[in-house]
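Novice: Quick mapping for you: the protein sequence lines, in order, are chains A and B.
Every letter in the first sequence is one number past the one before it in our numbering, and letter 71, counting from 1, is 71.
Every letter in the second sequence is one number past the one before it in our numbering, and letter 7, counting from 1, is 7.
Take the hints with a grain of salt, since some may be wrong.
Claimed, not checked - Far from chain B by the CB rule (all over 12 Å, computed), these chain A residues: (1) Glu37; (2) Ala38; (3) Thr67; (4) Gln86; (5) Pro100; (6) Ala103; (7) Asn104; (8) Arg123; (9) Gly128; (10) Ser130; (11) Phe137; (12) His138; (13) Arg141; (14) Thr142; (15) Glu144; (16) Ser148.
As the list claims (entries may be wrong) - Facing chain B, according to a computed beta carbon distance under 7 Å, are these residues of chain A, among others: (17) Ser84; (18) Met91; (19) Met93; (20) Pro111; (21) Pro152.
Said to hold, decoys possible - In the EDC-like style, the derived pairs of lysine to aspartate or glutamate whose C-alpha atoms are separated by at most 20 Å in a straight line are: (22) B/Lys107 to A/Asp47; (23) B/Lys107 to A/Asp105; (24) B/Lys180 to B/Asp160; (25) B/Lys131 to B/Asp29; (26) B/Lys131 to B/Asp40; (27) B/Lys184 to B/Asp84.
For the record, the hints were derived by calculation from the structure and aren't laboratory data.
Quick reminder that beta carbons are idealized off the backbone N, C-alpha and C, glycines included.
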Amino acid sequence: MKNSQRIFASCSSLLVAALVGAACAPKDAAPVVNALEARDAWARPADSGAMSAVYFTLGNGGTESDTLIGVASDVAARTEMHVSMQQGRTMHMSQVTSLPLPANDSVSFRPLGAHVMLMDLRRPLVPGDSLSVTLSFHSGRTVEVRASVRQP
Amino acid sequence: MHRFIIAAALLLTACSGNLERGIVIEDADPAPALAFTAADGQRFDLAAERGKVVMLYFGYTHCPDVCPTTLSDWARAKRALGADTTNIRFVFVSMDPDRDTPDLALKYARQFDPAFIGLTGSTQELEDLKKRWSIAAYPEGDPRDGFYTVAHPAHTFVVDRQGRLRVMFEPGVTGEELAKDLRKLQ
Numbered sequence: 001m002k003n004s005q006r007i008f009a010s011c012s013s014l015l016v017a018a019l020v021g022a023a024c025a026p027k028d029a030a031p032v033v034n035a036l037e038a039r040d041a042w043a044r045p046a047d048s049g050a051m052s053a054v055y056f057t058l059g060n061g062g063t064e065s066d067t068l069i070g071v072a073s074d075v076a077a078r079t080e081m082h083v084s085m086q087q088g089r090t091m092h093m094s095q096v097t098s099l100p101l102p103a104n105d106s107v108s109f110r111p112l113g114a115h116v117m118l119m120d121l122r123r124p125l126v127p128g129d130s131l132s133v134t135l136s137f138h139s140g141r142t143v144e145v146r147a148s149v150r151q152p
Numbered sequence: 001m002h003r004f005i006i007a008a009a010l011l012l013t014a015c016s017g018n019l020e021r022g023i024v025i026e027d028a029d030p031a032p033a034l035a036f037t038a039a040d041g042q043r044f045d046l047a048a049e050r051g052k053v054v055m056l057y058f059g060y061t062h063c064p065d066v067c068p069t070t071l072s073d074w075a076r077a078k079r080a081l082g083a084d085t086t087n088i089r090f091v092f093v094s095m096d097p098d099r100d101t102p103d104l105a106l107k108y109a110r111q112f113d114p115a116f117i118g119l120t121g122s123t124q125e126l127e128d129l130k131k132r133w134s135i136a137a138y139p140e141g142d143p144r145d146g147f148y149t150v151a152h153p154a155h156t157f158v159v160d161r162q163g164r165l166r167v168m169f170e171p172g173v174t175g176e177e178l179a180k181d182l183r184k185l186q
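Take these sequences, add in the hints, and give me the full structure.
Specialist: Here it is, written out as structure tokens:
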């Protein structure tokens, strides 16, 4: 082996070692495997006794799919998952009892689509306020969503 | 003479649309009757609104998603138009007579903009309105537990300055898009 080749070979092994090291090195933060996360959560302002909706992006950073099967919040007498649907010229809203969340994917709860519906609010929701919604998954895991109250 | 024809053609183009998002109804018929007294005592009669553009939405106040999305978009459009909205009326009509009252309808509409008009009527008045306007609105789910939803028209209806039912907007049209089209319509 010529000198230049030898240098190249050793550099390559170093590079490979560095890459393997980076891939295998434990991260400082908690492991991200199967991480479920809700981002950018917000809720519409509404009076006490009225209804509101909560919107967010729900991400599954893990390698296993999961299914959202329950929503709960102490600000409303009843909390449900709903989807708005347009059929022809008419708008409907349907309750959804389970929502699949594939591995390494995300779903958006957004206006005119899926939303968490807060029914018969126990207190008024005013801009600047915040509230929590607990999401329950088929795997048994739960995610606490902190939503700020604001106009869209 | 030529100049007159060109001017007339330009005017026609300006009036007949090229709207950004509005669905223009060609050969539009006069809008059906719609008149209610609001909770503040003000009578709203669509027939008396000639010369104004009237935006109409048929929804319900317990609607947490589609109605507030639409009315927020209206409010955004109104803000974008600034002082230029004296000839536009924004009218929300609740189609849920079992839960809504004129007072609730007005409060609901005013949450989005103090100038918005909120109306409703008796079950019979709303049944007649649905027939005249050929629109569907009915409770879904179990009305007995008070948590039912109401199927209702998806679109915003626009009555032009001549009183014709002229344009419809799909839900989800943004305030900025609405503002552009309203500038052309008013």
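Novice: Please go over all the hints and tell whether each is borne out by the structure.
Specialist: So, going through the hints one by one against the coordinates:
no.	hint	verdict
1	Glu37	holds (23 Å)
2	Ala38	holds (18 Å)
3	Thr67	holds (22 Å)
4	Gln86	violated (5 Å)
5	Pro100	holds (21 Å)
6	Ala103	holds (28 Å)
7	Asn104	holds (28 Å)
8	Arg123	holds (16 Å)
9	Gly128	holds (16 Å)
10	Ser130	holds (18 Å)
11	Phe137	holds (23 Å)
12	His138	holds (25 Å)
13	Arg141	holds (26 Å)
14	Thr142	holds (23 Å)
15	Glu144	holds (21 Å)
16	Ser148	holds (16 Å)
17	Ser84	holds (5 Å)
18	Met91	holds (4 Å)
19	Met93	holds (4 Å)
20	Pro111	holds (4 Å)
21	Pro152	holds (5 Å)
22	B/Lys107 to A/Asp47	holds (10 Å)
23	B/Lys107 to A/Asp105	violated (40 Å)
24	B/Lys180 to B/Asp160	holds (15 Å)
25	B/Lys131 to B/Asp29	holds (16 Å)
26	B/Lys131 to B/Asp40	violated (27 Å)
27	B/Lys184 to B/Asp84	holds (12 Å)
In this structure, the earlier hints numbered 4, 23 and 26 are contradicted, and the remaining ones agree with it.
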